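S.K.: Take a look at the letters that make up each chain.
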Amino acid sequence: MQILELFWLLPVVNIIACLLAFFFGKTVSRGKAQVWTLPAIAFSWVMSILGAVAVIGDSHLAHEGITKTYKWFEFGPDMFFQMGIHIDGFAVVMCLVVTTISMMVQIYSIGYMRGEPRYVEFYAVLAVFTAGMLILVTADNLFLGIFGWEIMGLTSYLLIGHYYEKRENSNAAIKAFITTKTGDVGLIIGAVVVYWATETFNFGAVNAKALEGEFHAPLLLVACIALFIGVIGKSAQFPLHTWLPDAMAGPTPVSALIHAATMVVAGVYLVARMWPTFVTAMNVHIANVNLIALIGAITAIIAALLALVQFDLKKVLAYSTVSQLGYMIFALGIGAWGAGVFHLFTHAFFKALLFLGAGSVIHSVHSNDMRDMGGLRRIMPRTYWTWIVGTLALCGVFPMAGFFSKDEILASAYHNGYKWVWAIGLAVAFLTAFYMFRATHLTFHKNYRGHGHPHESEGLITGPLIFLAIPSAIIGFIGAPGSFNLFEKWATPAAVEETIAKYPVLHPHPVDTTTFVLAGISVALALLGVLVATVVFYWEKTPGDIVERVAPIRYLHRFLANKYFLDHLYGGIVYGIRKPIADACYWFNQNVIDQVLNLTAAGTLELGKGTYLFDQNVLDGFYNGSAVGTDRIGGFFRKIQTGNIQQYAAVFFAAMALLALALVFAVR
Amino acid sequence: MDWFDSWALSLAVFIPVVGALVILAIPKAREYQIKVVGLVASIAALIVGIGILSRWNWDDGGYQFEVNKGWLSAIRSNYHIALDGISLPLFILTLVIVVLCIIYSWNHWPEPRSPKMLLFLILLLETGMLGTFVSLDLILFFVFFEVTLLPMYFIIGIWGGEQRIYASIKFFLFTLFGSAFMLVGFLALFFLSEPHTFDIVELSANGGAAAAVISSTAGLWIFAGLFLGFAIKVPMFPLHTWLPDAHTQAPTVGSVILAAILLKLGTYGFVRIALPILPQAAHSWAPWIGLLAVIGIIYGSLCCLAQTDLKRLIAFSSVGHMGFVMLGIATLTPVGINAAIFGMIAHGVVTGMLFFVAGSIHERYHTRDMSRLGGMLSSIPRMGGVFVLVAFASLGLPALAGFPGEFTSMLASFEPAGGLSQSLFRGFMIAAAVGTVLTAGYMLYMLQRVAQGEVPGEYAGHHLHDIEAPEYVSWTPLIVLTVALGIFPSLVFNVTNSSVVPMFEQIFHHAIGG
Amino acid sequence: MVGPNIAFWIIALVMAYAGVRLVTTRNVVHAALYLMIVLAGTAAIFLLLGAEFLGWTQVLVYIGAIVVLFLFGVMLTRATYGESKGLDNDQRVLAATVAVIVFLVFAGAMWKAFGASTEIVLEKSTTVSELGRDLMTNWVLPFEAVSLVLLASLIGAITLARRDDPEHVRDRGVER
Amino acid sequence: MKLNLFLTLSAFLFCLGVYGMLARRNAVMILMSIELMLNAININLVAFGALHGNLTGQIFAFFVIAVAAAEVGIGLAIVLLIYRNRASVNVDDVDLMKG
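Chains as they are written, first to last, in our numbering: chain A, 1 to 668; chain B, 1 to 514; chain C, 1 to 176; chain D, 1 to 99.
Since the hints were derived computationally from the structure, they do not count as laboratory data.
Quantities reported herein were computed from a predicted structural model and do not represent experimental measurements.
Every clue listed holds true.
The calculated lysine-lysine pairs, modelled on BS3-like cross-linking and capped at a C-alpha distance of 30 Å, are:
| hint | chain 1 | residue 1 | chain 2 | residue 2 |
| --- | --- | --- | --- | --- |
| 1 | C | Lys124 | D | Lys2 |
| 2 | A | Lys315 | A | Lys446 |
| 3 | A | Lys639 | D | Lys98 |
| 4 | A | Lys166 | A | Lys32 |
| 5 | A | Lys166 | A | Lys609 |
| 6 | A | Lys502 | A | Lys489 |
| 7 | A | Lys419 | A | Lys489 |
| 8 | A | Lys315 | A | Lys166 |
| 9 | C | Lys112 | D | Lys2 |
Okay, chain A solo, but in the shape it has when bound (with noise of 0.2 Å):
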């Protein structure tokens, strides 16, 4: 028990670990700022392991979990604001996920960011942002993740922009602060509604409140909105996901950690951690489509048909990142907690494998563009095989942890009546193998068509590489469904058990053939993928004779023939979805959204411009006219002073007189 108390400690430690860097870090460890950074990393890992072992042991501790919070401060009569931790199964694996990560990025750029400039500051804004997500991970209160939130959202920008001296990196990360901080705008109005309507920000009341009803209609459905726009900036979702794929232009380490593992996954966490409310307020349990599931779908299909034409490494990454966040939100979305949340719990280890595994790449070829890669098959064996594992993971192959997570999202949006999601699931499960394989071929097989000689990373880049290979390799079957789910066991907390209690739709679906039919059909489609990628990029062979020359694609076709819904995906869809789909997808996405977005920065750049000029010339012109209005008036008067003696007497004696005339006659 005492353990998990002790989680306050996380965040705190990883806070003046980065105070210690910034300060002492020039002087004391002589440029090498991980000294300061690692030990506390290393400390919250290993809490967050102890706390793993204590949470398994008890399984009241898993669901109820422990809290502790004291007052903060007090902003009216008798409200006020909470600070304190909310320990609990779900939150120890979010812990245990944002450590492992983060203590392998930082021993990754160790080897990484060696002589790059500005060592120490990268050093300490990593640690503040492991602080932020903690403290995200760990509040009780919806007031306190706010501050975790935010929090991130500054690291991200510094981080982002960690080469500022080029102008565009400096426009990136400003980019990736303001489509988040628009998103935070929802965030915050939404935590007002919460607060109003349930005189409270805690999770577990408003949750609470939410599944009793006491939460009051409309405003439950204004905040979830409120909260699932802030949800949307931050994960990247469909309106707001363009910040994402520019955000690569920070150091990989960073898109590693930030852009694949932990910062994007907070807005996932926030949906799972306050799911009674958004299940209560979407009515997920009702209806076949709600806003969460749509969206989740929407970014799942874009961004994976996006990711089909990027030619830069760590873009594919990024928009199979979007891709994959898409899954989560619409497995949420569909009402499987336990599936879209050990995704989530995956899904970071073989993202962030595959990012250092792409820097390691880009790193020794010195550039990020895949046309000058290609055979480093034989020239980086460990990046090759680790980039295997993690490919082979996210295309969710038998063994690896990606089908265990991804089959089990789709079995339950096929059980819980959402086909649509289903099928969606499928066609991006598809799309996934085959960009992955698309950027495998074209990165590791045939021969190196860049100039220069890569060679392999140091020890300190492929020791991470190695170690996150395991866990996306073997993690998966913690989570395997059925009975001895053991993750779901652990992870699930007990609001998200009474919401599935409550909602007999959300009831587990049983093991039964049709889940084996279901993981069929999901392998096969993943293998498909690869086998088309295989073809259009290995072999190089145009489409046209594919069939006869080559042995196994004539066994193949033939064995597919039969099916003729096979063949025609095989001709048709293959060449007739990819190039120009995914081409006018790619467009629409560079012309629309993001000008859609560069443009409403510009106009407001030139609303701003519009109404300083206003300022200046109407409103400042109105009290400067006013001035020399008066000034004006003042010359009209100073012409009565002529200075003639005579003037002023006439002037004196005519009014005498008039003054005369009305006393006389008028004063009766």
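Given the structure of chain A, go ahead and fit chains B, C and D onto it with the hints provided.
M.R.: Coordinates of chains B, C and D only, in the frame set by chain A:
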């Protein structure tokens, strides 16, 4: 030590003036003595302030250190001064800021170098400000309110930038115009209120009963007069055009004091005088104040986007931030007023720091034009770091001073006082939330221009010295305060809450009625 | 009772003519002389109204002293003897209208106030003793005050118009 | 003798004085017009004194004469000074106080 209780406030208020007079006596040549006397005077006032803090009874919301002597008995206005939860934070902030200003300008005084004159004016200004925050009598308040005007006029007029004359006259006329109407309001209050009195405590007792006698239309007009006087000082939307000019032309020290404290006289006036004495009028004015506040937020941020001059941008950002404070006040709820007072303190600390850094940048780069500045983080990293920290605090980032004030005022705006239209104020809240994005927009735009990027060609060769000793000494307390206010907002909230809640209980029971 | 009326009319007409000529003449010295005629007329009216002492004082002071003073003034400012061109400035018309307005107002007020019938019945002319007694009893304070005024004006006139001898020039530094 | 005869005469003389003061360019002439106005006042005073039969009117006339004398003295001194500085007594030239 009870003599201290009665004398403390008067001591704190008038030590600076005594210091100023002593400075007058020292011949102009002996600058060192002048500087020492100036510093000693301001520190002495600060020590008295700390003494007050130490003897402060934290959970009593009422007036403490109260002194009520006869002054101008002819017009029944007496020397009634006291401190309570609302004015204590501002009082201490003034003492701190002035000491820091004097330390900051220890060895580099603005052009036409004359430490004697500048210190004299600053100390006179300090007395004016301190007096305004402690006075509980309308005439005394007005006198101190005007006393602050003159030194500021000379500070901008003598040590300002190119069009300093235009700026100082504009500042002076604007504020004078406002305070003329304010005085009319005070007099109207005196004559129309039941027991003819200038005493704020009597007037605002049990929900402004004394002034409740006034007919509602007259009440509205009196409130209009007070509103004009305070709104110009805040500054609120249509009456704000003096602020950017005053700030762009004012010397660094002038800008800091103007931004950190003088702007708070207006909002403090609302909370201390306008709201408690005329709650009915305030209630019918509230939607308009809210509307102007929100326009101010959006308008200020938009204007910032169009700026090229660094100090002018920070000045417009003040218009935006004070918009949040006024939104808090417009809700007429204890939550709103708490948010407003915290907003005042946070804005004072943060914008004060921003102007200090802007002044140092101007002193090193000799220009305020952002297009010529740049690459501060690489050329003078420590200064750049401080600038980034303060910019993010002003942006309203949690864990830094800006956030609690803004968040609570948005929170308050969701549930305004009874009778005020909720949908209107919720609309204000959403507009204010959008305002935070715009604030983020122009702050980052500024950071990109000034802190990040390459060191521009013309400064490549120069050796730009990083933060020096006086700057260190004067900035550290502010930086510590910025972070402390962000992490422990209870520093201010506990103090203000204990006196805002009873004040509004009165108003609710008697005037607006729940 | 017809004697005094006839006398009044004669004096009045003479004075009127002299007055008009005074303000319209081009020659400054003629103006001074016309002034003398008007003053003499006034003295006559005083006598007509029984205030002999005042009449003769008028002759003595006004005509004797002040007109002479004027002539000195004219001589000292070396005004051109004969015709001096435009003595009037360009706002004659304005002056005339103002004068007419003032006359109408005064005359109108008086005619309305006192009607045409009030009659001055002069039982006896005032004797110097009555005048002296009244002056020294009720009006002694103004009498002393006037003497002070005269003294002050005496000294003032001297200091103003004195032409300084050279050794004072340094400190005053005014002399051209 | 009718009272308003005297009053009309004095009003007429007074107005001539006003005209003279306003129309004349020469400072000395202005002083003369002022003397004319003062005399008109004296006629009024004495006339009313006679009407009411008491001496106040005449005593006032005395004071007026005395003051008039002082006034002419000072007036001419000033005119002399102006003449000495400006070499002309033309009132139009003396407009230093022009706004």
